[in-house]
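**Q** Could you put the whole structure together from the sequences, leaning on the hints where they help?
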Amino acid sequence: MNLFESIFENSTLELKGFLISILVALISGVIFAYMCLFKGKSSKSFLVTLSLLPASVAMVIMLVNGNIGAGIAVAGAFSLVRFRSAQGSAKEICSIFVAMASGLAFGMGYLAYGVIFIIVAGGLIMLYTGVKILEPSSKKEDKILKITIPENLDYNTVFDDLLDIYTVKHSLVRVKSTNLGSMFQLTYEITLKDLLLEKSFIDELRCRNGNLEIMLERVNFGNQDL
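Just so you know, we're using our numbering here: the sequence shown kicks off at 1300 and counts up by one.
These are computed hints drawn from the structure, not numbers from a lab.
A few of these clues could be false.
Straight-line alpha carbon distances no greater than 30 angstroms define the calculated DSSO-like cross-link-like pairs of lysine-lysine that follow [claimed, not checked]:
hint: 1; residue 1: Lys1390; residue 2: Lys1315
hint: 2; residue 1: Lys1468; residue 2: Lys1498
hint: 3; residue 1: Lys1390; residue 2: Lys1340
hint: 4; residue 1: Lys1498; residue 2: Lys1445
**A** Set out below in structure tokens:
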């Protein structure tokens, strides 16, 4: 038998072909899920989803088997699932598309093409995850500063002098009202001049904002959403 031909002869679904296709899809899904785990953080539910998705899509394709009406119904069901799911990171969305594409190949009986595609795609995901090329870089001095202030303070100018003293550069990127509009939460992107002066900087901010909440955290590029 030619490995690059469909195992379903005359588009007829038989038990032997069905079992082989599902088994290959399940094994490939597990391998792909562990490849996506390489140097990354994923939830258990996402890994289970990647493991079962190729076999699930293959099952759907085998049952539709050229039936246009059934295909339209399945497309509608997938749309409902999409709108009830939370948006994931770019890597997670790409992984789901890869798993679905391989499932299409398995469902049509092209097992070799599906295996090759899922291994190549998984290998590229591992490569791009491990390589630092094109990855946004940040220094230790780059921080996200969040300050809560009462509504009577003018957030446009109240911290400008302190920011000029302690930071190389700063930018107000978000203003959010909290506590039923009685307070504002300001979010700045800053670059500190000296990390050793971080506590002094926070102490002076506390005196200016009435000792309300202040948060200083490092910039994190790890979770890029679409």
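**Q** Hints first: check each against the structure and report whether it holds.
**A** The hints, checked one at a time:
Annotation: proposed proximity of lysine 1390 to lysine 1315 is violated, straight-line Cα distance about 35 angstroms (limit 30 angstroms). For a cut-off of 30 angstroms, the pair hint linking lysine 1468 to lysine 1498 stands: about 18 angstroms separates their Cα positions. A distance of roughly 11 angstroms separates the Cα atoms of lysine 1390 and lysine 1340; the hinted pair therefore holds under the 30 angstroms criterion. As the CA atoms of lysine 1498 and lysine 1445 are separated by approximately 15 angstroms, the hinted pair is consistent with the 30 angstroms bound.
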